[in-house]
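Just need the whole structure built from these sequences, with the hints factored in.
One-letter residues, chain by chain:
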Amino acid sequence: MPLTISLPSILARLADGNRALDASGATVAEAVADVTRRFPSLAPRLVDEHGEPYPFVTYYLNDEDIRFAGGFGATVRDGDELTIVSAVAGG
Amino acid sequence: MTASLFDAPSSPSPATPSPFDALPLICSNCGARFEPEPSAICSSCLGPLVPEYDPHRTLPDRDTIAHRAPSLWRYREWLPFAGTPTLSPDSGFTPLLEAPALARRLGVARLWIKNDAVSHPTLSFKDRVVSTAINAARAFSLDVIGCASTGNLANAVAAHAARAGLDAWIFIPHDLEPAKVMGTSVYAPKLVRVRGTYDDVNRLCAQVADSFGWGLVNVNLRAYYGEGSKTMAFEIIEQLGWRAPTAIVAPMAGGALVTKLHRGLREFSDAGLYDGPLPRLHGAQAEGCAPIVRLVERGGGRLEPEIPSTVARSLAIGNPADGLTAARAITETNGWAAAVSDVELVAGIRLLAETTGIFAETAGGVTTAAAVRLAAAGRLRPDDEVVLCITGNGLKTLDAIADSLPEAPVIAPRLSAVAALVDASAR
Numbered sequence: 000m001p002l003t004i005s006l007p008s009i010l011a012r013l014a015d016g017n018r019a020l021d022a023s024g025a026t027v028a029e030a031v032a033d034v035t036r037r038f039p040s041l042a043p044r045l046v047d048e049h050g051e052p053y054p055f056v057t058y059y060l061n062d063e064d065i066r067f068a069g070g071f072g073a074t075v076r077d078g079d080e081l082t083i084v085s086a087v088a089g090g
Numbered sequence: 000m001t002a003s004l005f006d007a008p009s010s011p012s013p014a015t016p017s018p019f020d021a022l023p024l025i026c027s028n029c030g031a032r033f034e035p036e037p038s039a040i041c042s043s044c045l046g047p048l049v050p051e052y053d054p055h056r057t058l059p060d061r062d063t064i065a066h067r068a069p070s071l072w073r074y075r076e077w078l079p080f081a082g083t084p085t086l087s088p089d090s091g092f093t094p095l096l097e098a099p100a101l102a103r104r105l106g107v108a109r110l111w112i113k114n115d116a117v118s119h120p121t122l123s124f125k126d127r128v129v130s131t132a133i134n135a136a137r138a139f140s141l142d143v144i145g146c147a148s149t150g151n152l153a154n155a156v157a158a159h160a161a162r163a164g165l166d167a168w169i170f171i172p173h174d175l176e177p178a179k180v181m182g183t184s185v186y187a188p189k190l191v192r193v194r195g196t197y198d199d200v201n202r203l204c205a206q207v208a209d210s211f212g213w214g215l216v217n218v219n220l221r222a223y224y225g226e227g228s229k230t231m232a233f234e235i236i237e238q239l240g241w242r243a244p245t246a247i248v249a250p251m252a253g254g255a256l257v258t259k260l261h262r263g264l265r266e267f268s269d270a271g272l273y274d275g276p277l278p279r280l281h282g283a284q285a286e287g288c289a290p291i292v293r294l295v296e297r298g299g300g301r302l303e304p305e306i307p308s309t310v311a312r313s314l315a316i317g318n319p320a321d322g323l324t325a326a327r328a329i330t331e332t333n334g335w336a337a338a339v340s341d342v343e344l345v346a347g348i349r350l351l352a353e354t355t356g357i358f359a360e361t362a363g364g365v366t367t368a369a370a371v372r373l374a375a376a377g378r379l380r381p382d383d384e385v386v387l388c389i390t391g392n393g394l395k396t397l398d399a400i401a402d403s404l405p406e407a408p409v410i411a412p413r414l415s416a417v418a419a420l421v422d423a424s425a426r
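Chains as they are written, first to last, in numbering that gives the first Met the number 0: chain A, 0 to 90; chain B, 0 to 426.
Worth flagging that the hints you see were computed from the coordinates, not collected in a lab.
In this text, all values refer to a predicted model and were calculated from it rather than measured experimentally.
Don't be surprised by glycine CBs; every beta carbon is placed ideally from N, CA and C.
Keep in mind that the hints are not guaranteed to be accurate.
[Claimed, not checked] Looking from chain A toward chain B, a few residues come up when the C-beta cut is under 7 Å (computed): (1) I9; (2) F38; (3) S40; (4) R44; (5) V46; (6) F55; (7) V56; (8) R66; (9) G69.
[To be verified] Restraint-style ranges between C-beta atoms, simulated for each label pair: (10) B:E296 to A:R76: 34 to 44 Å; (11) B:A100 to A:E80: 22 to 32 Å; (12) A:R76 to B:S268: 50 to 60 Å; (13) A:T3 to B:A100: 53 to 63 Å; (14) A:R12 to B:R162: 32 to 42 Å; (15) B:R301 to A:A42: 18 to 28 Å; (16) B:F211 to A:R12: 16 to 26 Å; (17) B:V191 to A:E80: 18 to 28 Å; (18) A:N61 to B:P381: 48 to 58 Å; (19) B:A401 to A:P39: 51 to 61 Å; (20) B:N28 to A:R18: 34 to 44 Å; (21) A:N61 to B:N28: 56 to 66 Å; (22) B:P177 to A:N61: 28 to 38 Å; (23) A:E63 to B:F211: 16 to 26 Å.
Okay, here's the thing in structure tokens:
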């Protein structure tokens with residue numbers, strides 16, 4: 000399933016400067032694995048040594064925090080957008 | 000603005016401004032080092048950056064600090080700059096008031112209120128963090144600052160930016176309390192209401208900071224912003240006569256305040272400015288948004304985010320960025336955490352007001368009600384000396400208590416009518 004992964008600028012430099020990457024997969028985990036196959040230096044920034052997201056990095060699938068939607072196992076559909084942002088302080 | 004505003008009133012003004020720089024940064028996760036920059040994220044591991052202080056810098060003694068002007072800059076050696084800051088010279092150094100009646104109600108030996116409800120200029124502790132963030136913005140020659148806010152930070156960013164002559168872009172959830180919206184709009188920032196929760200606003204602002212080159216105080220200036228919170232700990236130590244209480248109760252939203260209280264307490268201890276153990280740090284949240292409390296209760300190292308549902312809007316952060324470090328600070332100091340219902344927090348606002356004369360916003364009600372719970376559970380003990388951190392003013396959240404207060408009687412302008420009321424109240 001094709002979807003778009005939006006990267007923060009700090010990670011885009013590890014993906015040939017692309018802030019938005021096309022990816023495929025049936026789940027968030029598969030989509031992340033797809034882009035880390037093509038851009039291996041992204042891998043340690045996107046997942047920890049257990050293959051899980053870091054606590055200070057949040058993944059949003061179409062505006063929803065994936066931790067409310069099944070985590071890395073969340074199903075993705077054509078045209079979905081997966082946005083990766085780092086945590087922000089309180090307000 | 001002259002440098003003399005940051006020194007004792009008798010200090011002469013320098014003929015030329017001293018150089019002013021933000022400190023370099025270090026990743027608190029992997030230890031990678033970075034030049035000073037408006038960035039809060041490690042490019043190696045995406046961990047949070049913090050300022051790196053020179054461990055060999057000269058630190059002032061108690062007497063030197065005591066003779067400085069009464070603002071948070073009296074602790075400037077522990078704030079993330081080299082040279083003299085030029086903006087927001089007079090926030091901080093709020094009152095620390097002893098509250099014997101509330102101490103008796105809680106069954107503790109002594110109790111004080113650290114009263115940031117009267118913080119200058121916007122009546123919340125956010126004046127502290129914006130004071131450091133806006134000086135970081137100046138160090139980086141940024142013309143625009145901004146924030147994602149639950150209200151108090153919006154007030155502070157708008158006010159401090161107005162005074163400094165900077166443009167401000169402020170993003171808030173669409174349904175904030177009217178007082179916090181008006182208390183921001185009056186300073187004429189670019190105020191944007193976002194459909195969604197604070198966590199939605201937060202995500203948007205992470206992208207905004209990444210795209211527009213602005214200084215968003217709690218996003219890309221976060222490393223410098225957070226350091227301002229330490230000054231609350233410094234002031235507690237100094238105002239108690241250079242000693243620590245045995246316990247501190249503080250509200251938790253993103254978790255930064257408890258984290259930075261811990262750091263500030265350790266820094267002053269390391270500097271020899273007080274003796275004895277660190278106080279136990281207790282955190283307070285509303286039951287409708289208590290991810291940090293639940294992490295403390297559950298243990299472990301993974302925070303479960305929540306979708307907030309509470310009238311304590313200033314604490315309604317379901318995905319707290321500093322939740323893990325706050326939970327660690329609590330457990331390392333043998334503290335605990337408590338969550339209270341909206342009914343309890345309203346009762347907490349009233350209890351604080353009736354026993355101390357301090358009118359706090361909903362976060363202060365959470366802190367007071369949590370202290371009641373902690374005392375009932377034996378987490379606050381009869382020999383404890385406790386400080387409650389009250390972080391915002393009750394005039395900002397009038398709606399939360401409107402229905403809980405008795406309606407005042409309306410009488411004719413006659414002495415007999417007053418006499419009837421006096422009789423009734425005596426019964």
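Outcome of the hint check:
| no. | hint | verdict |
| --- | --- | --- |
| 1 | I9 | holds, 5 Å |
| 2 | F38 | violated, 15 Å |
| 3 | S40 | violated, 11 Å |
| 4 | R44 | holds, 6 Å |
| 5 | V46 | violated, 11 Å |
| 6 | F55 | holds, 6 Å |
| 7 | V56 | holds, 5 Å |
| 8 | R66 | holds, 5 Å |
| 9 | G69 | violated, 14 Å |
| 10 | B:E296 to A:R76: 34 to 44 Å | holds, 37 Å |
| 11 | B:A100 to A:E80: 22 to 32 Å | violated, 55 Å |
| 12 | A:R76 to B:S268: 50 to 60 Å | holds, 54 Å |
| 13 | A:T3 to B:A100: 53 to 63 Å | holds, 59 Å |
| 14 | A:R12 to B:R162: 32 to 42 Å | holds, 37 Å |
| 15 | B:R301 to A:A42: 18 to 28 Å | holds, 21 Å |
| 16 | B:F211 to A:R12: 16 to 26 Å | holds, 18 Å |
| 17 | B:V191 to A:E80: 18 to 28 Å | holds, 21 Å |
| 18 | A:N61 to B:P381: 48 to 58 Å | holds, 54 Å |
| 19 | B:A401 to A:P39: 51 to 61 Å | holds, 58 Å |
| 20 | B:N28 to A:R18: 34 to 44 Å | violated, 23 Å |
| 21 | A:N61 to B:N28: 56 to 66 Å | violated, 28 Å |
| 22 | B:P177 to A:N61: 28 to 38 Å | holds, 31 Å |
| 23 | A:E63 to B:F211: 16 to 26 Å | holds, 24 Å |
Consistency note: the structure conflicts with the earlier hints numbered 2, 3, 5, 9, 11, 20 and 21.
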